[in-house]
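Chains B and D are the protein sequences, given in the same order.
Just so we're aligned, residue 1 is where the first sequence starts under our numbering, counting upward by one.
Just so we're aligned, residue 1001 is where the second sequence starts under our numbering, counting upward by one.
Note that these hints are calculated values from the structure, not bench results.
Here a beta-carbon is modelled for each residue, glycine too, at the ideal position from N, C-alpha and C.
Accuracy of the hints is not assured; some may be wrong.
Restraint ranges, calculated between C-beta atoms of paired labels, are given here [as the list claims (entries may be wrong)]:
#1 D:K1062 with B:K178: 56 to 62 Å
#2 D:N1055 with B:G183: 56 to 62 Å
#3 D:G1595 with B:E184: 47 to 53 Å
Chain D stretches covered by chain B per the calculated footprint, using a threshold of three residues with CB under 8 Å from any CB of chain B [said to hold, decoys possible]:
#4 1594-1606
#5 1625-1635
Here is what each chain is made of, one letter per residue.
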Amino acid sequence: MRTQLESCLAAVNQVLLGKDRQVRLALACLLARGHLLLEDLPGMGKTTLSHALARVLGLSYQRIQFTSDLLPGDILGTSVFNRDNGQFIFHPGPIFAELVLADEINRATPKSQSALLEAMEERQVTIEGATRPLPEPFFVIATQNPVSQGGTFALPESQLDRFLMRISLGYPARAAEKALLLGEARRDLLPRLEPVLDHAALARIQAEVPGIHASEAVIDYVLRLVEATRSQPAFALGLSPRGSLALLAAARAWAMLAGRDYVIPEDVQAVLPAVAGHRLRDAADPAGHGGGALVQWLLREVTPF
Amino acid sequence: MKKTPLPIPRISLLWLLVAQVLVILPHLFHLPVWIGGLWLVCATWRIQVFRQRTNYPGGLTKAFMLIAAAAGVYASRGSLMGLDAGVALLVSTFLLKLVELKTRRDALVLVFLGFFTVLTSYLFDDGLPAALYSLLPVTALLAALIGLQQSGLSDKPWPTLRLAGSLLLQAVPLMLVLFVLFPRLGPLWSVPMPGTGGSRGLAESMTPGDIAELSQSSALAFRASFAGPIPPRRDLYWRALTFEQFDGRRWSQLDEMTRSRPDWRPEGPSLSYSIVMQASGQPWLFALDTATTDLEHTRQMGDFRLQRRRPVDQSLLYSVTSWPQARREVQGSPRLDVALQLPDHGNPRARQWAAELKARHGGDPQGLVDDLLGHFAREEYYYTLKPPLAGEDTVDHFLFDTRRGFCAHYAGAMTFVLRAAGIPARVVAGYQGGEVNPAGNYVQVNQFDAHAWVEYWLPGHGWISADPTFQVAPTRIEQGLQQALPAEDTFLADAPLSPLRYRHVEWLNQLRLSWDNLNYTWQRKVLGYQGAEQLKLLESWFGNVDPARIGMILLACLGLLFGGLALVLLKPWKRPHDPLLRQYRRFERLLARQGVRRGAGEGPLAFAERAALALPGQAAEIRAFAQRFAHQRYADAAADPAALRRLLGRLRRQLPWRPWWRTGNASAGVRGG
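Full structure from sequences and hints, please.
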């Protein structure tokens, strides 16, 4: 199993160069059955990452480009009248894929955003009275452009909370970018990626994640972290119980990726920036994005023992 | 390797400025005035530097300022040596340091200099208010020190102050132990005490005007507490010294005649009391007749006074036993010749009167003395602080012309007449009476209680005291100077604000007496706690006292104190119960000794990786321990501290030995349970 996961990572890393840690986080997020928010500038490889993950894990892949005139029906699908048999036939929208890339999610209106986010949470959609389950596994990678905010609808805290992790890819290292420039176009490499896992294997692995042992000592550490976010005056709001659950789930997935069947504090620390960063607000700047500094404070000051 | 100098945090600078004001404030009373100006210049300069309006002074400017300050001290004190000038120089350098306050090191120098300067202020005033006040500058200096050390507090003034205050409070038990137990060492070198200038009590010689002048001073001379009831006021004749030589104008003492021991025997009931005298700058002590003391370097002189080898430069506590009814030198002594000395000529009328008296009483010297005292009572003599100016023959002028005088006039005149009549006599100078403080049951004697009386010698009786002033103004003896001078507004005419002038205001008087009692207790119990007093207390507590034993007790107390402090600070009952965690703490301490400390938030494996990088020789052992620990603690595995201990032992053997005191506080930060 470990070798399978390792080869998954290796395959994605072939396409997305020098982003080993982010790829690992994205995979951990997927294994923990969470959704991923990618926040980065255009052209950093967001689409490549999601596409490559879909290929390697053998998932069906759909991309939805969010625009301001996108309607919920464009995401979920509509019923169309069939003149031949005189009935409405449901045409499923792009959300009925196993891996959905919601590109530039903040460009759409809150109405369309919430259509996606509801589907993410419930793992099913209700259209015209009929409830239709989404495929299993179901994994959403949403992207946001943090820079050009004109005409966008920023996701509120309640919606951000539904993403297990938020990561940003960042500029590649010099060596990685050189390899990128020297090598083939990345998009050409994608179709050649072979699936490493099938659905059954992926489901088995996902089912194993909650079984990773989290000792009382680690849970105490998670509690200390959460308590710090709730009691320290620098934090505008603390982590919710959903946040602490997410933290533990992500840490379990990370431990599994490291080939361990138990969680150590370093696992918690590894996923903490991605899991807690978008859920924390600096008391001095409640509207801004002070989460990163706060997470660094947590990592530095809260002792694992 | 050259380190970059650390800057001074803002808050520390603030506290330094505050502390500096507090430190030099008590010194301002005795320092030259320009020191205040110097402080203003330096503080303004430093603040402007801080506001980046100006620059630090250059080397030349600094040298100039230093030389100017030294010159100023020399100009105002006439020297650069000695206590007064030394302290002035110290304070001015303490101020000048401000303008070259650049790095943390400078600030530390300034703080320590400040502590020293606080100490020097005790040389000038060791009273209770001064001691309490000195807590203020010490707290401010501590706050500045904390501001320098604690980066977390470096911009918060009040937490810094609070921490300084609690540090000071924590030091109190230590201070008490050291105060009670630590032996008082004699000074390693003689510190010249600051002269307070002006009159400080009785002098070695006396003209009648001297005591009248002393009566203008409300300064404290001494306080006495009696073991038993306080004797009546009219019996309180505190002897200081005697005057045996008269040159027609001035009475003075004969030094060489007082060296031998007098002949006397204790008789009748005795009085035990202790005296705390203020610094007088003179070697003699005060006591009732006839006194002995066990104070070291002190003895009874030939004229029955107590004298110490060194002058009394600081307030002094001594205990005395007096035998008021003792008979003194009944057998006579070689000093009797001196007690008959008179100038060769002058005062003819007094001599003639003495001859008349002698003729009248023939072989009855006691009758002569009684007649003489009766003369002062019968005739019109007045007691006044403002006697008319004396003429050529002072005694004649006073006895027969002006008939107005102060105690010294009466005592001088009577002694003159007695001597002229062939009776050995001398003038005794000292204090009479004093104010009983009911709050503390002691007698307080001020300079205005200064008095002079007469002592004459009769064969078969020895020396007998007589007070002609009592004949003229009995109220002076029985009630005090203020009551004896109701008509004259001369009592403390130079001190309109002295609380002693307002004794008739009841509550003010009560307040004054209570305050005085507090000061007296301070002097007796705190300042007087040294030498014999300390020994007495320690003996009553611990029995036989020798240096080794005191050292042991001191060490034991300090051990207890620090042990208690360690318990409170380290809280061993809160140490981890988890045996795994205990092994891990040992692992941490072991690595801390090698200079590798775990950050507060560092996980076990991450720390081990870092330690392995720092100590590549032991990387394998470090990793092995950390992995075993992580496995036992976090995996679903059984705890096996023995295995951890074995791995730890292997690591310890691999590591070079480092003493335990090289270890730092390895686990700082948020403590987990």
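Hint check results:
In this structure the hint that D:K1062 and B:K178 lie 56 to 62 Å apart at CB holds, the actual value being about 58 Å. Under the hint 56 to 62 Å, the C-beta atoms of D:N1055 and B:G183, about 59 Å apart, fit the expected range. One distance hint, 47 to 53 Å for the beta-carbon pair D:G1595 and B:E184, holds here, with the actual separation near 50 Å. With a threshold of 8 Å between beta carbons, the proposed coverage of the stretch 1594-1606 of chain D by chain B holds, since 8 of its residues qualify and at least three are required.
For the stretch 1625-1635 of chain D, the stated coverage by chain B holds: 5 residues have a C-beta nearer than 8 Å to a C-beta of that chain, and at least 3 were required.
Of the hints listed earlier, there is not a single one the structure fails to meet.
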